[in-house]
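Following the hints, complete the assembly by docking chain F onto the known chain W.
There are 2 protein chains.
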Amino acid sequence: MRKAEARSFLYVLVGSTTVFIMMLTYKAGLMVERKSPGGGMYLPWNRRLAQKSPSLPLNPCSNPLGSQASLPVIYVVTPTYPRPTQIPELVRFAQTLMTVPNVFWIVAEDAPILNIRVATYLNSTGLPHTYIAAPMPEKHRKKKVIPKGVSNRRAGIDWIRRHVEDGVMYFADDDNSYDRRIFEEMRWTKKVSMWPVGLVTHLGVSSPVVIDGRVIGFYDGWFGARKFPVDMAGFAVGIPFLLTVARLRRPEVTRTGKFAHHRSGVRSSDRDYRLLMHKAEMPYRAGYEEDGFLQSLKISKADIEPKASGCTKIYVWHTKTQAARPAPTIARNRTHFSDSNLPSLEKELFLRT
Amino acid sequence: MRKAEARSFLYVLVGSTTVFIMMLTYKAGLMVERKSPGGGMYLPWNRRLAQKSPSLPLNPCSNPLGSQASLPVIYVVTPTYPRPTQIPELVRFAQTLMTVPNVFWIVAEDAPILNIRVATYLNSTGLPHTYIAAPMPEKHRKKKVIPKGVSNRRAGIDWIRRHVEDGVMYFADDDNSYDRRIFEEMRWTKKVSMWPVGLVTHLGVSSPVVIDGRVIGFYDGWFGARKFPVDMAGFAVGIPFLLTVARLRRPEVTRTGKFAHHRSGVRSSDRDYRLLMHKAEMPYRAGYEEDGFLQSLKISKADIEPKASGCTKIYVWHTKTQAARPAPTIARNRTHFSDSNLPSLEKELFLRT
Chain W
1 MRKAEARSFL YVLVGSTTVF IMMLTYKAGL MVERKSPGGG MYLPWNRRLA QKSPSLPLNP
61 CSNPLGSQAS LPVIYVVTPT YPRPTQIPEL VRFAQTLMTV PNVFWIVAED APILNIRVAT
121 YLNSTGLPHT YIAAPMPEKH RKKKVIPKGV SNRRAGIDWI RRHVEDGVMY FADDDNSYDR
181 RIFEEMRWTK KVSMWPVGLV THLGVSSPVV IDGRVIGFYD GWFGARKFPV DMAGFAVGIP
241 FLLTVARLRR PEVTRTGKFA HHRSGVRSSD RDYRLLMHKA EMPYRAGYEE DGFLQSLKIS
301 KADIEPKASG CTKIYVWHTK TQAARPAPTI ARNRTHFSDS NLPSLEKELF LRT
Chain F
1 MRKAEARSFL YVLVGSTTVF IMMLTYKAGL MVERKSPGGG MYLPWNRRLA QKSPSLPLNP
61 CSNPLGSQAS LPVIYVVTPT YPRPTQIPEL VRFAQTLMTV PNVFWIVAED APILNIRVAT
121 YLNSTGLPHT YIAAPMPEKH RKKKVIPKGV SNRRAGIDWI RRHVEDGVMY FADDDNSYDR
181 RIFEEMRWTK KVSMWPVGLV THLGVSSPVV IDGRVIGFYD GWFGARKFPV DMAGFAVGIP
241 FLLTVARLRR PEVTRTGKFA HHRSGVRSSD RDYRLLMHKA EMPYRAGYEE DGFLQSLKIS
301 KADIEPKASG CTKIYVWHTK TQAARPAPTI ARNRTHFSDS NLPSLEKELF LRT
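Chains as they are written, first to last, in the numbering used here: chain W, 1 to 353; chain F, 1 to 353.
Same shape as in the complex, but just chain W (with noise of 0.2 Å):
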């Protein structure tokens, strides 16, 4: 009876203390959810810990969400991956985002953990935003040409899909240059918005051609038999279109509501909610990534906005940085440089492992 009842005390005691570390965690922003049907982690930054931060001033020109409330949101989906300039590309991005009002941050990292380093950077800027871990599943890693940038993408439309309910919707590489006045061509985006991409393939441009103010085509160096041979820095989607696409595909799941439970013997109505998911979705295709997003999205030329002067004009550049090797552990065999500051600039470095 007395072991039983220790045991049972311990069972209780051992539970209780679980909770609290758990509310203590997700109340330092550091719970991690665990949501995602792309396999993706959320890291729900809150905004009350980013003002917290003792790290940084909070930048005058940052506009924190809601400070110009009849401005719609722009949310920017930015796919990013552990390298030695992934800090420097993100701080420059930041800023660009900085001088941009009502915009909301969607950082997804294609890693399995998330860098507390980045984590650190994003809460010190000011912005409100998200940070998504969105590993590729390894059997597209195993392809010849490896659709880069896609489980963090879809990871984004998901989170935007469970959070958001108005605004826009925008791909934004890293590493690519931004005008500031393209978000605000963007901003009042109903269906999608297209305008010019420069420094893409060997023509220097890709952009919607464009006669009398409609699209009647696609002027870009590669073709291959998409729909929409645009650049995935060349459009916005607006998020109530986004999600009436995304809802008409739902009652399908509430309907049976198990289907992730029928591998073999899949019934009927869970076969059409799977296929009609992935075409609301980015294929995991390289090259075809942003023609089967918008090809998802069952839309025709006619729904397309062209924006930036009827696409005469580039405020986007799909710039690429040089890649830079990790560096070298510096601290090591310099025994006598122990009290100077190179054992604590080695933690800033991306080293080689």
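All clues given are correct.
No copy labels: a pair is met if it fits in one copy or bridges any two.
Okay, derived cross-link-like pairs now, DSS-like style, lysine-lysine, Cα gap no bigger than 25 Å in a straight line:
1) K148 <-> K298
2) K320 <-> K148
3) K313 <-> K347
4) K190 <-> K313
5) K144 <-> K227
6) K227 <-> K313
7) K190 <-> K227
8) K320 <-> K144
Please keep in mind that the hints were generated in silico from the structure rather than gathered at the bench.
Chain F alone, transformed into the frame defined by chain W:
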């Protein structure tokens, strides 16, 4: 008599028309001064013009000169040159500068003439700035390793000497990545301040070695017999200090006055002047630009103020952008698109010549 009268009338007409046109161009900010001893030409885009520019509303984030009068102004000298990635790089850097209060941007281009697209973009930023053409002398272009960016930076130093009395000077390339915090680190520099620069050489970082708050040496992947083996993005100079160094060398000029006319048979005082002026400048010697300039300031290690938490943080990275090829002329052979956006778009591109 009548012929002579007509001729003099013509002279007066031509003269007054010329003066009138000069006044107009000067008022429009298009006047080019030719005063630089290094062969540079200046285009004084005055602030009134920038504020009159109809192309874009002023960024609410950019802090025009004097908005925070208590802060010293940071004079950022940016060398640039014509290339397909020039505008995107300038855009990206301009937007970083917009998040920093009290900066004045000196953009110096290695080209014989100024680029109207760059000038128009600079005006649209609302940043206080000047745009200078500072072509490299031909003899340096023939060297094995070309000293890039020297003529530009020399023109920048010269502009500061002639127009500024206070503040801080910083050499910032347009392709680097800057965390806006670095500008606050350098703002109160007295003589020379220094900090680490990431992504330099195979070591991944170049930094002063600091013990007990004092610079005792340098950590860099290449020393090359330099006294100050540092990166151009790794230091700033107090302008009153810079002027003191320059002023020591000034009286020599005013005494003789016309050294420029003594190509042969140089008088001793003139020779001294040129020798000393050279010492206070940046040398045309690839790899030794930083060291030569810092040595010309006659500083010692004890004069260096280590910044960025005793050189333990990286706020600047020497990122490099992949070169892009100029675009072909897109509208040619596409006459059926002549009434589309493509001919206008072509004007936005850096075209193959």
